[in-house]
Amino acid sequence: MPTNIDLAKLKQLPDARGHFGPYGGRFVSETLIAALQDLERTYEKLWRDPAFQAEFDRDLAHYVGRPSPLYFAEHLTRHVGGAQIYLKREDLNHTGAHKVNNTIGQALLAKYTGKPRVIAETGAGQHGVASATVAARLGLECQVYMGAEDVERQKLNVYRMKLLGAEVISVESGTRTLKDAMNEAMRDWVTNVDNTFYIIGTAAGPHPYPKLVRDFQAVIGREARQQCLEQAGRLPDALVACVGGGSNAIGLFHPFIEDEAVRMVGVEAGGHGIETGEHAAPLSAGRPGVLHGNRTYLMEDDAGQILGTHSVSAGLDYPGVGPEHAWLKDCGRAEYVAATDDEAMDAFRLLTRIEGIMPALESSHAVAHAMKMAKEMDPDQIIVVNLSGRGDKDIHTVAQIDGIEV
Amino acid sequence: MSRIDSCFDRLEQQGRKALIPYVTAGDPNPEVTVPLMHALVEAGADILELGVPFSDPMADGPVIQLACERALKHHTRLLDVLAMVKTFREQDGETPVVLMGYLNPIEVLGYERFVELAADAGVDGVLTVDLPPEESEEFVQLLKARAMDAIYLLAPTTEESRIAQVCQSGSGYVYYVSVKGVTGSAALDVAEVERKVRQIRQHTDVRIGVGFGIRDAASAKAIASVSDGAIVGSVLVNKIAELADSPAEIPAAVAAIVKEMRQAMDA
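Chains A and B, in that order, are what the protein sequence lines are.
Offset between the first sequence (1-based) and my numbering: plus 8.
Offset between the second sequence (1-based) and my numbering: plus 3.
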């Protein structure tokens, strides 16, 4: 890591205009500027308000079920041979993934701003379900945009959203996945900006979204840090998390930024392999550009058109990434690698069989890379893996790969 | 003085308003675009807005999304669009051309190289939908250095305190987005537009073009009467879509719509 980086300053980002180094910012059409400024003001005020904090914490404790355990995966550790692998069990949260930490926070913001309607984009459907859930609880109207391809491969979550009272809108434009769902959600927001709160599901988009999503998700890292100190008597040597937009990863990483000795490793979707071009790994194989309101690493062609992506996991199937990850990469504070579909599938099966924990296919990417790392490390070293979600939603995909009709 | 400023000055002397048609470059194929541009001028267009196709046009409705998809099927790149402007300029040295699109294709070329190439091609203004003044200081300086105008959007949601700031950053004209929504959406409220244009004028001398939601000669006339110019896009792009399989008919058919608007505006 470059020695001239001031980690305390790095942790304080973004700056007042939402920039993380050259990344982030607010690249949107004029119609949305006022709404984003308004959201920024509301958020900055409420985030410092003890009453808001108390309400957020209470919801996380009693509705989400936090703190989530930090589980020493003894069997996986023994199987791999090497560093001790701990799992941060975000899969045990209400609705089955880390996504709900953020939707609880944003729904509280929606409530305080008095907007009667929320919209969301979703890939795997976890953020859609988490949004529909908080909307049901607060009595808000909810519409969720989802790429037509994802609607097909995540039927279970589509039905869950409907049961929760949300309307799922299948997006047929473009590549019919998460990026197109986000385009369509932005178009909706621009049209209904007066009465609608847009619950963005990842730590990306125009300022202040990357910041506020991170702040809501940072509970993961704060808990993990304290739990590791309590259970192992020291900080971990490495953190590993999957990165699509990157909200679970930044939630785990951020509280550790100043702990220089703790390696932070983000695992992107390597799809069929980086060399095939069929993947969703902008930090590993893309370059900086501007999409969805922020400057960040993107998968694009040489004319600046956004490329279609591929991943077995719908939640990682996105050509961009949160701007804070882009800057952590450039600064050298975090490393980013990729795991292929096959590696993730193997990890999914292994963890299911030897720990009795069925991870989401997204999280399986992190498990796959953590296993590789653990082998190269000493038995007294510790890796904390963010098990960001559970695999129930992926049963159809896995069965299909196995040639079984469920 | 820029071509855009002299165009508005000339119109003002004649007591007329600007008619500003938008088409997406390369739609439905790259061969159509330059003849179409000439046909639009012939029909009475004062300024041309040429859309740069982008894979993810977030501020556009389905009509212009599909235009981008048609153009991208032929791999119409920003460099190709600049080449079209250059070809157009061989026969028309007078009509201002404004490029309208999204930032990422420009980012890939690099601001300096883009500005250089755009100036050489004869581009007069650049409207980058997702580049508000706060993020565009460097870009605007480069445009100004080559005598090109940075065109910005104002929206119904723009707070009054911000209007002067946006108008100061830009030049040529400001593009007032007449409805909350994407291109091609919702009906116009002319009285509301008039109110807002009057408010904008209190903060700036920059000319005000109004777009989004102009569908026919009557709405073009109504909007022009309360502003400095009518910007019309989706209705033209719709016609192009209708004729995508017989592209030779496109210039005349689209020009006919523009001509009707021109006549209504001048009547």
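Hints may contain errors.
[What the hints assert, rightly or not] Computed Cβ-Cβ distance ranges for the label pairs, DEER-style:
| no. | chain 1 | residue 1 | chain 2 | residue 2 | range |
| --- | --- | --- | --- | --- | --- |
| 1 | B | Arg218 | A | Lys170 | 51 to 57 Å |
| 2 | A | Gly173 | B | Arg218 | 47 to 53 Å |
| 3 | B | Asn32 | A | Glu286 | 52 to 58 Å |
[To be verified] List time: in silico BS3-like cross-link candidates among lysine-lysine, alpha-carbon distance up to 30 Å:
| no. | chain 1 | residue 1 | chain 2 | residue 2 |
| --- | --- | --- | --- | --- |
| 4 | B | Lys224 | B | Lys242 |
| 5 | A | Lys119 | B | Lys242 |
| 6 | A | Lys337 | A | Lys383 |
| 7 | B | Lys262 | B | Lys242 |
| 8 | A | Lys19 | A | Lys53 |
| 9 | A | Lys53 | B | Lys262 |
| 10 | B | Lys89 | B | Lys76 |
| 11 | A | Lys170 | A | Lys123 |
| 12 | B | Lys76 | B | Lys224 |
| 13 | A | Lys119 | A | Lys53 |
| 14 | A | Lys123 | B | Lys183 |
| 15 | B | Lys242 | A | Lys170 |
These aren't lab readings, by the way, just hints derived from the structure by calculation.
Predicted model, so just to flag it, every value in this text is computed and none were measured.
Quick reminder that beta carbons are idealized off the backbone N, C-alpha and C, glycines included.
Here's how the hints hold up against the structure:
Distance hint check: the CB atoms of arginine 218/B and lysine 170/A are about 36 Å apart, inconsistent with the given range 51 to 57 Å. The hinted window of 47 to 53 Å between glycine 173/A and arginine 218/B is violated, with their beta carbons roughly 36 Å apart. The hinted window of 52 to 58 Å between asparagine 32/B and glutamate 286/A is violated, with their beta carbons roughly 29 Å apart. Restraint check: the Cα-Cα separation between lysine 224/B and lysine 242/B comes to about 20 Å, which is no more than 30 Å; the hinted pair holds.
A distance of roughly 44 Å separates the Cα atoms of lysine 119/A and lysine 242/B; the hinted pair therefore is violated under the 30 Å criterion. Between lysine 337/A and lysine 383/A the CA atoms are separated by roughly 24 Å; this keeps the pair inside 30 Å, and the hint holds. As the CA atoms of lysine 262/B and lysine 242/B are separated by approximately 14 Å, the hinted pair is consistent with the 30 Å bound. Proximity of lysine 19/A to lysine 53/A is assessed by CA-CA distance (about 20 Å); at most 30 Å being required, the pair is judged to hold.
The hinted pair formed by lysine 53/A and lysine 262/B fails the criterion: a straight-line CA distance of about 54 Å is larger than 30 Å. The hinted pair formed by lysine 89/B and lysine 76/B meets the criterion: a straight-line CA distance of about 22 Å does not exceed 30 Å. Restraint check for lysine 170/A and lysine 123/A: satisfied, since their Cα atoms lie roughly 21 Å apart, inside the 30 Å limit. For a cut-off of 30 Å, the pair hint linking lysine 76/B to lysine 224/B is broken: about 35 Å separates their Cα positions.
A C-alpha spacing of about 14 Å is found between lysine 119/A and lysine 53/A, which places the hinted pair at or below 30 Å, so the restraint holds. This hinted pair checks out: lysine 123/A and lysine 183/B have alpha carbons roughly 17 Å apart, not beyond 30 Å. Of the pairs offered as hints, the one joining lysine 242/B and lysine 170/A is violated, with about 38 Å between alpha carbons and a cut-off of 30 Å exceeded.
Of the numbered hints listed earlier, those contradicted by the structure are 1, 2, 3, 5, 9, 12 and 15.
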